[in-house]
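Listed here are the chains, written in short residue letters.
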Amino acid sequence: MISIRVNGKQHEVDAEADTPLLWVLRDELNLTGTKFGCGIGLCGACTVLLDGAPMRTCVLTAAAAAGKSITTIEGLSKDRSHPVQQAWIAESVPQCGYCQSGMILTAVALLEKTPHPSDADIDAAMTNICRCGTYNRIRKAIHRAARA
Amino acid sequence: MIDDPHQLSQAVSRRHFLRLAAVTGGGLALAVSLPSLAAPAEGAAPTPGTPPAPGVAPAGRSIRPPSAFLQIAENDEITVITPAVEMGQGGHTAMPMIILEELGGDWRRVTVKDAAAAAVYNNPLSGTQMTVGSFSVRGWYMDLRKVGAAAREMLVQAAALEWQVPTTECSAAQSVITHRPSGRTVSYGRVAARAATLDVPQQPVLKETASFALIGASPARLDVPAKVDGGACYGIDTVLPGMLYGAVKTCPSFGGKLKSFDAAAAAGVRGYHSTVALPDGVITLADKYWQARKALDKVTVDYDPGPLAALDSARVSALLRAGFDEPGVVARQDGDARAALAGAARVIEAVYEVPYLAHACMEPMNCTARVDAQGGEVWCSTQAPQAAQKAAAAVLNCPPERVTVHSTYLGGGFGRRGEADFVTQAVAAARAASRPVKLIWSREEDIQHDFYRPAAAIRFRAGLDAQGKLTALESNMVTASAPNFGPRPGAPLYTVGVVDTNYALPNFLVTGVNKDIGIRFGFWRSVSHSHNPFMLESFIDEVAHGVGQDPYRFRRALLQHPRGARQLKVLDLVAEKAGWERPPPGRHLGISAFEAYGSFIGTVVELSAVNKAITVHRVVTAVDCGVAVHPDNITAQLEGGMVYGLTAALRGEITIDKGAVMQSNFNNYPMLKLAEMPRFECHVVPSAQAPGGIGEPGTAPIAPALANAIFAATGTRARTLPLSKLDFTYAAVRTS
Ligand code: FES
Ligand code: FES
Numbered sequence: 021m022i023s024i025r026v027n028g029k030q031h032e033v034d035a036e037a038d039t040p041l042l043w044v045l046r047d048e049l050n051l052t053g054t055k056f057g058c059g060i061g062l063c064g065a066c067t068v069l070l071d072g073a074p075m076r077t078c079v080l081t082a083a084a085a086a087g088k089s090i091t092t093i094e095g096l097s098k099d100r101s102h103p104v105q106q107a108w109i110a111e112s113v114p115q116c117g118y119c120q121s122g123m124i125l126t127a128v129a130l131l132e133k134t135p136h137p138s139d140a141d142i143d144a145a146m147t148n149i150c151r152c153g154t155y156n157r158i159r160k161a162i163h164r165a166a167r168a
Numbered sequence: 012m013i014d015d016p017h018q019l020s021q022a023v024s025r026r027h028f029l030r031l032a033a034v035t036g037g038g039l040a041l042a043v044s045l046p047s048l049a050a051p052a053e054g055a056a057p058t059p060g061t062p063p064a065p066g067v068a069p070a071g072r073s074i075r076p077p078s079a080f081l082q083i084a085e086n087d088e089i090t091v092i093t094p095a096v097e098m099g100q101g102g103h104t105a106m107p108m109i110i111l112e113e114l115g116g117d118w119r120r121v122t123v124k125d126a127a128a129a130a131v132y133n134n135p136l137s138g139t140q141m142t143v144g145s146f147s148v149r150g151w152y153m154d155l156r157k158v159g160a161a162a163r164e165m166l167v168q169a170a171a172l173e174w175q176v177p178t179t180e181c182s183a184a185q186s187v188i189t190h191r192p193s194g195r196t197v198s199y200g201r202v203a204a205r206a207a208t209l210d211v212p213q214q215p216v217l218k219e220t221a222s223f224a225l226i227g228a229s230p231a232r233l234d235v236p237a238k239v240d241g242g243a244c245y246g247i248d249t250v251l252p253g254m255l256y257g258a259v260k261t262c263p264s265f266g267g268k269l270k271s272f273d274a275a276a277a278a279g280v281r282g283y284h285s286t287v288a289l290p291d292g293v294i295t296l297a298d299k300y301w302q303a304r305k306a307l308d309k310v311t312v313d314y315d316p317g318p319l320a321a322l323d324s325a326r327v328s329a330l331l332r333a334g335f336d337e338p339g340v341v342a343r344q345d346g347d348a349r350a351a352l353a354g355a356a357r358v359i360e361a362v363y364e365v366p367y368l369a370h371a372c373m374e375p376m377n378c379t380a381r382v383d384a385q386g387g388e389v390w391c392s393t394q395a396p397q398a399a400q401k402a403a404a405a406v407l408n409c410p411p412e413r414v415t416v417h418s419t420y421l422g423g424g425f426g427r428r429g430e431a432d433f434v435t436q437a438v439a440a441a442r443a444a445s446r447p448v449k450l451i452w453s454r455e456e457d458i459q460h461d462f463y464r465p466a467a468a469i470r471f472r473a474g475l476d477a478q479g480k481l482t483a484l485e486s487n488m489v490t491a492s493a494p495n496f497g498p499r500p501g502a503p504l505y506t507v508g509v510v511d512t513n514y515a516l517p518n519f520l521v522t523g524v525n526k527d528i529g530i531r532f533g534f535w536r537s538v539s540h541s542h543n544p545f546m547l548e549s550f551i552d553e554v555a556h557g558v559g560q561d562p563y564r565f566r567r568a569l570l571q572h573p574r575g576a577r578q579l580k581v582l583d584l585v586a587e588k589a590g591w592e593r594p595p596p597g598r599h600l601g602i603s604a605f606e607a608y609g610s611f612i613g614t615v616v617e618l619s620a621v622n623k624a625i626t627v628h629r630v631v632t633a634v635d636c637g638v639a640v641h642p643d644n645i646t647a648q649l650e651g652g653m654v655y656g657l658t659a660a661l662r663g664e665i666t667i668d669k670g671a672v673m674q675s676n677f678n679n680y681p682m683l684k685l686a687e688m689p690r691f692e693c694h695v696v697p698s699a700q701a702p703g704g705i706g707e708p709g710t711a712p713i714a715p716a717l718a719n720a721i722f723a724a725t726g727t728r729a730r731t732l733p734l735s736k737l738d739f740t741y742a743a744v745r746t747s
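Protein sequences appear in the order of chains A and B.
Quick note on the working numbering: the first sequence kicks off at 21 and runs consecutively.
Quick note on the working numbering: the second sequence kicks off at 12 and runs consecutively.
A couple of the hints might just be wrong.
[Stated by the list, open to error] These stretches of chain B come out as covered by chain A in the derived footprint (C-beta under 8 Å, 3 or more residues): (1) 238 to 244; (2) 367 to 374; (3) 413 to 425; (4) 448 to 459.
[Claimed, not checked] In silico lysine-lysine, BS3-like type, Cα no more than 30 Å apart, as pairs: (5) A:Lys88 - A:Lys133; (6) B:Lys218 - B:Lys580; (7) B:Lys684 - A:Lys133; (8) B:Lys588 - A:Lys160; (9) A:Lys29 - A:Lys88; (10) B:Lys623 - B:Lys684; (11) A:Lys98 - B:Lys124; (12) B:Lys526 - B:Lys669; (13) A:Lys160 - B:Lys684; (14) A:Lys160 - A:Lys133.
[Stated by the list, open to error] Heads up, incomplete: computed chain A residues facing chain B, CB under 8 Å, no partners named: (15) Glu36; (16) Trp43; (17) Asp47; (18) Cys58; (19) Leu62; (20) Ala65; (21) Thr92; (22) Gln105; (23) Asp139; (24) Ile142; (25) Cys152.
Since the hints were derived computationally from the structure, they do not count as laboratory data.
The structure presented is a predicted model; accordingly, all values stated were derived computationally and were not measured.
Even for Gly, the Cβ is constructed at its ideal location relative to N, Cα and C.
For reference, chain A alone in the conformation it holds in the complex (with noise of 0.2 Å):
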């Protein structure tokens, strides 16, 4: 059993100890916003907020992750009310929208660390892979959201 905590509430969860955290988000708990693109902690298709900070999933152990808050895409607000989704929602940022659910939560922590980043910082921060090349709006989006 390992117990995590998710958006807030404790899980016990009956996986392997070696379980990437992204498959017990996905299909333990259900929580299939935060997806499955390299396997390898290269794109960011599977980041979520670990005490605040971006953390990609398909790289960390579930057990790694206990005792740590885990914040993912579902968690960050009931109504897309957060900043950035405003933001993202503004820009119309999303086009097949897969990766979008890592960028936002990158984003919130970027803006969460630095609250008006130059693009310098965006650049610095903003790893992940967009395949349809949404990232000029990204960035757009990210500097609106700084300046709600």
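Use these hints to put chain B with the ligands onto chain A, whose structure you have.
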């Protein structure tokens, strides 16, 4: 609602169908969607990989049944059943916009549903139910307008009947019908049930383009909210009660076969269920996906590596280049290019070549399948529901109608999801296990078992007269896409982007040789435009420089004829917006422009270079795509397409060794990231012409514009891609 569409008679007439729908639908009105009943459009259902023949619209077709596309509930909720799936290209917004424009419906009350697999959803232009080829808007534009207009006329007529007034005294907008003399109003939902009993007008009156309210505006995309809160459901998110998870590995070399496997060690993995043999590999099944992955690692497999075990990329390249002098097919012959070349004052010759490319959709291939005694159901991200249906039916040995396809959002498509190999695998596993199965590919399997953009090469010869005027062009093209994508009228598909150039070439010869090399190939965003404009637009540039002319003016001179007019306008616009005549000090510009998918596009790249270190400062694109249905989405598609094309131009390469793909994940098949994005400007030419495609054209112009700018800056002509192989490094800056 009718629960089992399987049981409905195919013989029910379209009119009968509408009436039936109104009755069984109760409060739901203007009919329910019963796709299996819908009248098949002309042309057979597609076989996977068969390309639509561009520009061939089936003749003599009457209006599509509105009920297949539109439901209006008593509470005024409008449901649009969209024949185009949503993979980020905006289909789930553009399709309803076109219907709602003519319907006069309230945009705020629209929800969207994906169409089931059925011939009524075959694209009028391509004849297939595939969301490919930038066909959605340009194919459906007229038919969906008619659907919306017919429905509006039926609703108005229903209201007029109720009020006992002439329809001419009634008008409709925002889902409300008004009787003008009396000022009475009624909402669409209140008369929809009655409207559904009326005959469908076969020639509904369409709006004037100038009076459009939705088309040309950019309403918020309907799929965006679900994509910022984790709610959007992709194929990979499907959950069925009692399902197993599947992980798959197949023979690394193409054409290889499974000889034997040993799953004994997998039995020790918790949750392990079974191992299913495929013709070319194995699927492990387990209670959870991670367990299936762990079990897969423990299964040892013995493959017959197949006939390609000695193939490598050098051999592919040699095979392509050996084809230049093979006879091939003549795809176009104007005048006598060879005689003109023989008599030319000067001949310029060059060879261009590009490698295989993978699609790398963000969502790895996957499919969830459930099988029963009669047939089955599949849930998947697919660009081709009927191909998925056929693939499943082939495994189950049942008629296609016995398979229900549930389309979901696609985490990227780019042509890869026009195939159904992952459906075949999932259905085979579900049948073997007698349990529902969700099969998820690893990224490695995805990169190594794609249907690749084929490697291709062209040898060009240009003949010039003493004044430096281009008098002849010969293009010998060799590609690795045999057997061809399918029969197609006119020139082979792989020549499109050269064979249909708008440049005035009095003596023009295009030959094509298509090699069956054995590596799987398929449609890759922009298809032949992913390589041909790179080659032709680079070569035209090369010729212009060769005769000491400005590349922009050299192109202008080749477009001074009626068929070149729209391209010329776009060329002029992009040159003007990019400041072609006066680049900033230290900056160099490269240009490209051509027609693709019924649209005209031009791009200028502005860069600086220190030796082979390239810094891109700006990318400017202009497009004439006819009526701009959703301008904001057009900009997004052109930008996204640019990123897709730029990634390929800079770094994209699938290489082959021992008949297998050497790349495996984003470490060795790298993607551009946010920090590498150049400034992008997009200019849309106002136009009332029929809409052109927009999902693909944007992918094509960046490679030639970039290569041409690199030549301007460095004097080095990049005739092969990716540029990383030529030791160019890349960075972008956003400050001007
Ligand atoms: S899936 Fe975790 S980084 Fe790609
Ligand atoms: S929106 Fe498709 S991968 Fe980012």
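Each hint tested on the structure:
1. 238 to 244: holds (count 7)
2. 367 to 374: holds (count 4)
3. 413 to 425: holds (count 6)
4. 448 to 459: holds (count 3)
5. A:Lys88 - A:Lys133: At roughly 18 Å apart (the allowed maximum being 30 Å), Lys133 of chain A and Lys88 of chain A satisfy the hint.
6. B:Lys218 - B:Lys580: holds, 28 Å
7. B:Lys684 - A:Lys133: Satisfied, since the Cα-Cα distance of roughly 21 Å is no more than 30 Å.
8. B:Lys588 - A:Lys160: holds, 22 Å
9. A:Lys29 - A:Lys88: The hint holds at about 11 Å.
10. B:Lys623 - B:Lys684: Distance ~21 Å between Lys623 of chain B and Lys684 of chain B Cα, so the pair holds.
11. A:Lys98 - B:Lys124: With Cα atoms ~24 Å apart, Lys98 of chain A and Lys124 of chain B stay inside 30 Å; holds.
12. B:Lys526 - B:Lys669: Distance ~18 Å between Lys526 of chain B and Lys669 of chain B Cα, so the pair holds.
13. A:Lys160 - B:Lys684: holds, 15 Å
14. A:Lys160 - A:Lys133: holds, 18 Å
15. Glu36: With Cβ-Cβ at 6 Å, under 8 Å, it holds.
16. Trp43: For Trp43 of chain A, the interface hint holds, since the closest Cβ of chain B sits about 4 Å away, which is under 8 Å.
17. Asp47: holds, 5 Å
18. Cys58: holds, 5 Å
19. Leu62: holds, 4 Å
20. Ala65: Holds. Min distance 6 Å.
21. Thr92: holds, 7 Å
22. Gln105: At 5 Å from the nearest chain B Cβ, Gln105 of chain A passes the 8 Å test, so the hint holds.
23. Asp139: At 6 Å from the nearest chain B Cβ, Asp139 of chain A passes the 8 Å test, so the hint holds.
24. Ile142: holds, 7 Å
25. Cys152: holds, 5 Å
Of the numbered hints stated above, none is contradicted by the structure.
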